[in-house]
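Since the structure of chain W is already known, use the hints to place chain R on it.
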Amino acid sequence: MSETHSETVAYVRETMLPPEPPPLAETGAIKWLRENLFSGPLNIALTFVGLGIVWLVVSTVGPWLSHSVWNAGSMAECRQIIAQTWGEGATGACFALIKHRWNQFLFGFYPQALYWRPVLAFGLLFLALAPVLFSESTKARRVVLGLSLALTFVFAALLGAPMGALLGMAVLMLLWAALIETRPRWSLLASLAYPFIAVWLLWGGSLWSEAMVLAGFCLGFVVWRLLAARFGLLAFALAVMATAAWWLLLAGPLASVLAGVLPLRLRPVSSDQFGGFVLSITIGVAGIALSLPLGVILALARRSDLPVIKLLAVMFIEFIRGVPLITLLFVASLLLNYFLPPGTNFDIILRVIIMVTLFAAAYMAEVIRGGLAALPKGQYEAADALGLDYWKAQRLIVLPQALKISIPGIVSTFIGMFKDTTLVVFVGLFDPLKAMADTIRASFEWKGAYWEPYIFVGAIFFILCFGMSRYSMYLERRLKRDHH
Amino acid sequence: MTTRTTAIPAASDEAAIEIVKLNKWYGTFHVLRDIDLVVGKGERIVIAGPSGSGKSTLIRCINRLEEHQSGKIIVDGTELTHDLKNIDKVRSEVGMVFQHFNLFPHLTILENCTLAPIWVRKIPKREAEETAMHFLTKVKIPEQAHKYPGQLSGGQQQRVAIARALCMRPRIMLFDEPTSALDPEMIKEVLDTMIELAEDGMTMLCVTHEMGFAQAVAHRVIFMDQGQIVEQNTPKEFFNNPRSERTKLFLSQILGH
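As they're listed, the protein sequences go chains W and R.
First residue of the first sequence: 1, per the UniProt record's numbering; consecutive thereafter.
First residue of the second sequence: 1, per the UniProt record's numbering; consecutive thereafter.
Think of the hints as simulated: they come from the structure by calculation, not from any bench.
Not one of these hints is a red herring.
A few chain R residues that face chain W, going by a derived Cβ cut-off under 7 Å, partial list only: (1) Arg-91; (2) Ser-92; (3) Met-96; (4) His-100; (5) Asn-102; (6) Phe-104; (7) Ala-116; (8) Trp-119; (9) Val-120.
Straight-line C-alpha distance at most 20 Å; calculated EDC-like pairs for lysine to aspartate or glutamate: (10) W:Lys-392 - R:Glu-93; (11) R:Lys-89 - W:Glu-381; (12) R:Lys-89 - W:Asp-389; (13) R:Lys-85 - W:Asp-305; (14) R:Lys-122 - W:Asp-389; (15) R:Lys-122 - R:Glu-93; (16) R:Lys-85 - R:Glu-67; (17) W:Lys-480 - R:Glu-111; (18) W:Lys-139 - W:Glu-181; (19) R:Lys-85 - W:Asp-384; (20) W:Lys-392 - R:Asp-83; (21) W:Lys-377 - R:Glu-67; (22) W:Lys-377 - R:Glu-66; (23) R:Lys-147 - W:Glu-136; (24) W:Lys-404 - R:Glu-111; (25) R:Lys-85 - W:Glu-381; (26) R:Lys-122 - W:Asp-384; (27) W:Lys-377 - R:Asp-88; (28) W:Lys-392 - W:Asp-305; (29) W:Lys-392 - R:Asp-88; (30) W:Lys-392 - R:Glu-111.
Fair warning: this is a prediction, and the values are worked out from it, not measured in the lab.
Beta carbons are placed, not taken as given, at the ideal position from N, Cα and C, and that holds for glycine.
One chain only, chain R, in its complex shape:
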């Protein structure tokens, strides 16, 4: 795990995301129960928890990939309701990186990165390509720009996915287990990219099991179980002094070997 100690900017007090009394059900199954969460601008939060605890569902609610049934989600001053315009507005300002990359296999790397800027942001093609090359350079794969996703390794694909999200110039980035589908040798390259992003002061919400990453960049670690926030704290306190029994059990299981 990278343990870089560059100055990582602190969070401001202004809220980027406000979640109030959020509840969500899948059929009769209560996935998210009374979630309250305020994310400051520039804040980086790592969400951990056992599988089925609702952590992915929570961040997928933030860009409305999942619909919530009660409570409020306000992203960058826009409340998520059934209004499609608001949803599109939020989505164009929130970037998302998925566990399985979800690159578009029929488009080249460059086209993957320029598609949304051209069609959603209405940026001229040449400008969008320049931006795309800028971010591809940043994630260190500019030479792959004209290949197709199927020709890249998992780690490279995930870095393209990060670049693709960044090309929309988002204010908030959501990561849904970005390294869980990768070979161990490729995890580092993706985490390094994410750490660099953190150094630029991006607001980040990251569902991950990479506890080293949490210690290196997170302002706050949130531990979820059974659809609820069980504990949250600074990474230092969270790992050294877990308070709830559930957290202790979880940490002993993932760090214990």
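Chain W with its partners taken away, still in its complex shape:
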């Protein structure tokens, strides 16, 4: 063929070449080793240094882990067992501490008989989230629903939930799961009600007070929907006023009347009994759920054409980001007491949640602003040209794409915030890492345990954060819209 080509300029291909597989490249372990570990003098040296470090770590930590003791009543007993089995001077981990005190790491000083309540709240969290997080895949949603149903029930039973509670729980969860599978849209309403159920389960008291708070929100929403068409922004103000009036004037008396008719009471648990992962997850989940919408609003405000709104957003974001979280927590625990009228009972956990939310929202706003800026201008123009107004364009065109771009950043912020919940130790709350570990170490039996609590708490944090990270990768894959 090539000869033909060199002789004459005119050339017509008669058959098209079929595609062929690429040549078999040399593969295998040797090639990989040579290319990645021993490709030059520097890399050879670094490989050996690396191997040395790995050896050092393994030779120190390995025996410590393999000598670990799981059955002992105290630190002294642990050491005795290790010395007996592995000889004098051997070191070993004493995980018996975890076996003894796991409940305090998880539940703090929550009353032992009521452990099933946080467990149920945690299980229901997945029911509330499933229709939102796994709306794209029926299979994944069913797996999550099934697992959370089964695990919640088993753990609640193991932790000594009373028979009646177990029964009610099973009925509630099965009904809810059925609702999710048959009427996914309606189940979102149940998801919206979840925070109130969770608060009731965690803190106890009368269900009617939570129901009245929820009713206030519903009232505000109804007022806004009815008046929005005629009054615009004024309708929003009226809705806020109606909600506030409801809470201040009617909610209290009505709640006590209803409680008199049908008492739905759980034993109250006060905020200072919270601790460990119950506390961390409560603050973390609330902060995550609240900081995302707040962050979206702040990001939109910062890109607003209205100078006042833009200025307010910039000031808020820059101020909050410029201050360490601990400062905000101190403000929550100390300063607010001076400003609030004396005798006000403003729950410390609620105060911390507000501060953590504000803090995470400022970061979230910047992450989302990055996503907004990454959208091509043409998307905004196409939305405008079709006659979509600002809010519709944001909701239908801009945010779905901007949030999708921002998923890695958003989840990073979530993970960072969740780990930051351990900082509540500075305002006297019992976080799992420092406060609970110190409390346990302060006991006579477990004096001298150093690494074990940190390893245990670190492992749980890792599982939860890794889970979030994997979910974000799953979501990114799911939302991919080209080349499939």
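Only chain R this time, still in chain W's reference frame:
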């Protein structure tokens, strides 16, 4: 280039768009200078000119993607001012097709076409989908309705963009260099779609360098340079007898090879 000679309806005397003494600046740069233009109902105008002459800016002013600083723009009896209601009204009656298609990549083709009818015109979903399928059939890609824009070729995407604009049942269509971003092989399919639209009597303003298209469907060709209308005429006169030197130079450059 398609040279179909089907009866293309003529323009009426009623005005669809009236532009009076339109001026616009980008900062201190005077992009549009004293533009006067009346577009009749059913009239098809092709706007040509060198890059930077303000032709895109002019049609983008007509649906207020760009704000003008002085002069009047009246679209279908509604004057464009700062009143957001008027702007939304004009936008829902004026369809626009962009150089880079600007389809919504997170929505399917069908959802791209039904979004605005459902949310702006408040048409029930099923009816909006029927309309969308009607127009997708018209632009000859009904079978792609459930794919995403990223899975379509440039020419197909641009035809979807035309269908999307048509789903709002606009009275006026604006085209901002609809074929400039396309491979040569795909230009024809888009131009054919536009010619069909012309046969239906749609009022069209089209910024383009496709002079064959101008000759086939335009009632009037407008030549712009430095923010001003330099010459306008029927396509026949415009191409055969250009009057200004600037027009002659432009035509010799784009037709000369």
